[in-house]
Amino acid sequence: MGKLVKVENVFKSFGDVNAVNGVSLEIEEGQFYSLLGPSGCGKTTLLRLIAGFEKPTSGQVFIDDTSMEGIEPNLRPTNMVFQNYAIFPHLNVEENVAYGLRNKRESGSKQKKLVDEALDLVGLSGLNKRSANALSGGQKQRVALARALILKPKVLLLDEPLSALDKKLREQMQSELRHLQRAVGITFILVTHDQYEALTMSDRVAVMFDGKVAQEASPRDLYELPTSQKVASFIGEMTFIECKIISENNNFTVESEIFGKITLDKSRVFGQSSKKLVLGIRPEKIAIVPKTARSKGLVSGKIVDVSYFGETTNYKVSCGSAETLTISSQNSVGQVNYSVGEKINLKADMDNIIAFFV
Numbered sequence: 138m139g140k141l142v143k144v145e146n147v148f149k150s151f152g153d154v155n156a157v158n159g160v161s162l163e164i165e166e167g168q169f170y171s172l173l174g175p176s177g178c179g180k181t182t183l184l185r186l187i188a189g190f191e192k193p194t195s196g197q198v199f200i201d202d203t204s205m206e207g208i209e210p211n212l213r214p215t216n217m218v219f220q221n222y223a224i225f226p227h228l229n230v231e232e233n234v235a236y237g238l239r240n241k242r243e244s245g246s247k248q249k250k251l252v253d254e255a256l257d258l259v260g261l262s263g264l265n266k267r268s269a270n271a272l273s274g275g276q277k278q279r280v281a282l283a284r285a286l287i288l289k290p291k292v293l294l295l296d297e298p299l300s301a302l303d304k305k306l307r308e309q310m311q312s313e314l315r316h317l318q319r320a321v322g323i324t325f326i327l328v329t330h331d332q333y334e335a336l337t338m339s340d341r342v343a344v345m346f347d348g349k350v351a352q353e354a355s356p357r358d359l360y361e362l363p364t365s366q367k368v369a370s371f372i373g374e375m376t377f378i379e380c381k382i383i384s385e386n387n388n389f390t391v392e393s394e395i396f397g398k399i400t401l402d403k404s405r406v407f408g409q410s411s412k413k414l415v416l417g418i419r420p421e422k423i424a425i426v427p428k429t430a431r432s433k434g435l436v437s438g439k440i441v442d443v444s445y446f447g448e449t450t451n452y453k454v455s456c457g458s459a460e461t462l463t464i465s466s467q468n469s470v471g472q473v474n475y476s477v478g479e480k481i482n483l484k485a486d487m488d489n490i491i492a493f494f495v
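The numbering used here numbers the first residue of the sequence shown as 138 and each following residue consecutively.
I should point out that these hints are in silico values taken from the structure, not numbers from a laboratory. Don't take each hint at face value.
Unchecked claim - DSS-like mimics (lysine-lysine), calculated; alpha carbons at most 30 Å apart, straight line:
1. K398 - K349
2. K439 - K422
3. K453 - K433
As the list claims (entries may be wrong) - Simulated DEER-style distance windows between Cβ atoms:
4. V321 - S161: 25 to 31 Å
5. V443 - I208: 54 to 60 Å
6. S437 - K413: 46 to 52 Å
7. D253 - V470: 44 to 50 Å
8. G408 - F446: 56 to 62 Å
9. P214 - E379: 48 to 54 Å
10. K304 - P214: 31 to 37 Å
11. D486 - A223: 46 to 52 Å
For glycine and all other residues, C-beta sits at the position ideal for the given N, C-alpha and C.
Can you make the complete structure from the sequences, with help from the hints?
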């Protein structure tokens, strides 16, 4: 598919603050794309620049190979779902959804057909006459989606639309949004601070810090191969371990107190070359093994903290004077539970260790 949305070296300043600082992106037609980052990173400002609610200080936004310079929001092939849904309380469901058609001069029968189709699409069939005040948070979210989709935009912009929902409903809506996007085939651009939301729903994710894109990749690559320590820390959890560079040829040989001497392929080492490296490993890439196990690369440690999460249990393990490792263990059938103070043996998946220059 072609590139539907292009952001070319866009800057946006508010006084002395660069909210968006030289961002360039290309988003494909039919893609679910997320802008992910902490509060104040510039992700919502970037979304508003695409929508036309803000004008770039410099740089350009293109949609379908057309420059959006000077084109007002209502004339762009976009529609937006806001964080607060913007549901009109004095209108019922049908009237809220049909609101976007008010300037289209469609006949009453055509409007009703379009509204019914939109409500069916978001799972609200039969609720046409329900008062907006009688809707749950999830239903208001669906009404906002139906109202945005009824105009058949080329790009649907979503400004943290699930942030006000409770955890269970939010997870349900994440699944529904992804299913909806696949069904309609429209390009979705989502702003979120929730890393798991972005990983679950997206085809591509741009991680932003301080107005810049730190990394843009598929969800799997972002999680498995973050290109900086900052991205690795923001996406999930990772333990960082100091190490010493022993040699550097076609790969790196390094030594750490926990893992001893190991070899890393250069493709798993990120950052600008320096004399100092840190290793990074995800909690689920370390396993607790039986005390009777005899294997190369075993690490001994003592549990200093236990956190139970239902599906998993996280253990903090002190390995002598070295760093504390975090281990995530699935609570599967037959799984042994460990307590604070117990001594255990660990086995790390060395193929999943990465490293960062610091």
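Evaluation of the provided hints:
Proximity of K398 to K349 is assessed by CA-CA distance (about 36 Å); at most 30 Å being required, the pair is judged violated. For the proposed pair K439 and K422, the alpha carbon gap of about 18 Å is at most 30 Å, so the pair holds. At most 30 Å may separate the alpha-carbon atoms for a hinted pair to count; K453 and K433 meet this at roughly 22 Å. Between V321 and S161 the CB atoms are about 27 Å apart, so this pair conforms to the stated range of 25 to 31 Å.
Separated by about 56 Å at the C-beta atoms, V443 and I208 satisfy the suggested range of 54 to 60 Å. Separation of S437 from K413 is about 26 Å and departs from the stated range, judged on CB atoms against 46 to 52 Å. In this structure the supplied range 44 to 50 Å holds for D253 paired with V470, their Cβ-Cβ distance being about 47 Å. For the pair G408 and F446, the supplied restraint of 56 to 62 Å is violated, since their beta-carbon distance comes to about 31 Å.
For P214 paired with E379, a C-beta distance near 51 Å keeps the hint of 48 to 54 Å intact. Range check, K304 to P214: about 34 Å between beta-carbon atoms, so the 31 to 37 Å window is met. Checked against the hint of 46 to 52 Å, the C-beta distance between D486 and A223 comes to roughly 47 Å, which is consistent with it.
When held up to the earlier numbered hints, the structure conflicts with 1, 6 and 8 and fits the remainder.
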